[in-house]
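Asks: If you read the protein sequences in the order shown, they are chains A, B and C.
Note that the first sequence covers residues 1 to 157 in the numbering used here.
Note that the second sequence covers residues 1001 to 1156 in the numbering used here.
Note that the third sequence covers residues 2001 to 2424 in the numbering used here.
Any given hint could be a false lead.
Stated by the list, open to error - Here are a few chain A residues that face chain B, going by a calculated C-beta distance under 7 Å:
no., residue
1, PRO36
2, ALA74
3, ASN144
4, TYR147
5, HIS149
As the list claims (entries may be wrong) - Derived Cβ-Cβ restraints for the label pairs, each shown as a range:
no., chain 1, residue 1, chain 2, residue 2, range
6, A, ASP81, B, ASP1078, 17 to 23 Å
7, B, VAL1061, C, GLN2334, 55 to 61 Å
8, C, GLU2250, B, ASP1025, 47 to 53 Å
9, B, VAL1061, A, GLU106, 55 to 61 Å
10, A, ASN43, B, LYS1152, 35 to 41 Å
11, C, GLY2372, B, GLU1154, 37 to 43 Å
12, A, ASN43, B, GLU1100, 25 to 31 Å
13, B, GLU1123, A, ASN144, 29 to 35 Å
Since the hints were derived computationally from the structure, they do not count as laboratory data.
All values reported here derive from a predicted model rather than from experimental measurement.
Even glycine gets a Cβ: it sits at the ideal position worked out from N, Cα and C.
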Amino acid sequence: MGNVKISQEIIDAINDPGSIKVLASISRTGELHVVPKGTITVNEEGNIRYYELLEGSQTNKNVTFALWFGRKIAINIITPDRRSYQIKGIPVKSLVAGKEYQKHYERAMELIPDSDLAAVYEIELTDVREESYPVRFAEEARDNPLYIHLDKLAGQA
Amino acid sequence: MAEISRELADIINDKESLKVIATTDAQGNPHVVFKGTLHTEGQDLVFYDLLQSSQVNKNLVSSIWFGRKVAINILAKDKRSFLITAKPRRSVTAGRVFEEVYASLKDRNPDGDLNAIWYLEPEHIEEKTFAVRRAEEEAAFPILKHLDRLVKEERS
Amino acid sequence: MSRNSENGWRSKELPYDQVIEKYPEIPPIVALKIDVSRRGIHYTQAALDRVDPDKHHVEPYNYMIGHGKNAAPIGLFLRDGSVICQGDTPDYSKAYRDPYTLDVVDGRLVLTDEEIGKVYEEVTFWDRPDFYDKKTSNGTPMCLVASARPQRITIAPQTKCHFWDTPGEGCKYCALFSAHRSKDDEGEIRDEKWFQDVEETTREALKEKGRYCSFHMTAGSTLSGAEIFDDEVDLYIKTLHAAEKAFKTEKFPVKLVASAFSKKQLQRMYDETAITTYTTDLEVLNPELFKWICPGKSRLVGYEEWKHRLYDAVEIFGRGNVDCGIVGGVETAQPNGFADEDEALAAVLAEAEEMGRHGVSFADCVWNALPGSMFVNQKTPSLEYYVKLALGLAEVRRKNGLKIYTDDYRRCGNHPNTDLARID
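Work out the full structure: start from the sequences and follow the hints.
Replies: Structure representation (structure tokens):
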């Protein structure tokens, strides 16, 4: 399973109410699926927690599949100032009943009135990377300096 | 092939919409990134891949080679959300069209580069707006919920 | 003393690790649930020391079986949210196979196989229902009115199965309500106070927000009435009417596991109560074996008629809303069952496919040779068989476009084949 921890900067990005978070997952038959998931947060252990609000959602099925077979899902967070972070991980736990779940059930109703919490997933992280374009561009320039069109290197006549 | 409606095309092309593309690598691991350059050209979805070393580029190459599909989500400024499943149809890495796009991007970002223009053919489109999905689920399974939500209030 | 050292059972079948390798489409955690259900669990003292009766769901006695035994947890959670509906097996000296062990390793409650020396999965106990400590206005402890699983509340309107009234006619695998098998024992008394207790207990249970997704009712078969099962129908209707007083909607998720009602009886249940789904158990998908294993059901209703009544139920409740429970694996019971597992599987799945085409889904219980059942000394099939059966039944469901809500992982949790519906 994963053993990667995320920085406070990324935790803040996830918790920023202005951030948009998306979750990509793969179905039993290999189809990709990606949707916004506003209920992604970070738990006390530094793992990703997310509330699945729709029992019949494709994401719910796919994340269960990933949990069962130790497969990865991918999350991306974009902040109001357009920083972007991609996190990958393996779902390790699904809470659907019990006292701990019931606390989340009530919390989910506070966040989104009339919601019926289907599951609380815990995801252990395997990969974390900043995907903000300026950061990636700087990495590319550093690691692959020859990935460049020659007109950028042309001298003045 | 699925048709992109006028309304959806407007949402895709709106600069305030957020657009993500999800791809898989050769081992089947998912990858998801925001792509602000995603737009429509006719019935294709098109985006500009700016970095040759990007994972999305590698994944799209192996997807076009092996017939794998990609998934795109568009989040409109009014929070409506649409999922589009698409097939990578073409990758343009040189030529006149490439150079025109390269030049237009250079105006915005002089130091930036362009790796490829990717053309994606939409195959399936569905709305994923939470309120819409919740209403669908409620309509399909009106009583499949936690029983405490169905409780009759006791008369005191 | 290990059972394996006495009978060498481990060398006669594929072990868990090889089964999941051979069948990559079975989630390892579901295969483990099947194997634990098949072999049972033995709690170490360290595991027993972890039980807190004030916090965890322990039964003072087994609600459905009624034997007196020490308070013990009746189930476990796996980390995917699914449940294992098994308690402790303190004495397995007469079992064919060694059970799994529930132990504490590195501070975690885990399932292990002692002989192999492997830790499989971390588990947690079920939480005690809030209503268990309450009494009704009649002074009845509510834990005697209803039982529960993590997401369902169970009421048994009748604790006696009258198929046992005729000696030898009870179902041979069954240990349910075995405390009330004597002819002179009519089971628990159900008077007007009891129905009032049902209403109050239901209302109290629903105060625990986020717990219950299903109201489950099952009982032994009642054969009396103008038509067979008429009195059973009356009892279910009366019990449901008591529970319905707690609900604001006319219909709510009820998991009813009952006898094979006639079309007239089914229509009455549908029209007069909250139910939208119906389950009746054909138990073994083979008419000859049905005669041997369920002689009372066979004599008084018959295999083909039981099946026909399932099809009638589909006309009333709709495709996918009618479920047939089976005791998966009992078709291999000896001496009359299939000796060859491949033959058994082919026969069962062919029958399931026919019924699936008619809109009937399946809830496969993993047959375990239980104390209190006539089949207590039988040898149950291999893990490989159960895995193939679960996968095969899941494929029947998919091919026929059937959903399965009433017996799914939330509303029941005891069926590996319906667990697989989570990813469809």
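Asks: Please name the hints from earlier in the document that this structure breaks, with their numbers sorted from lowest to highest.
Replies: 9, 12
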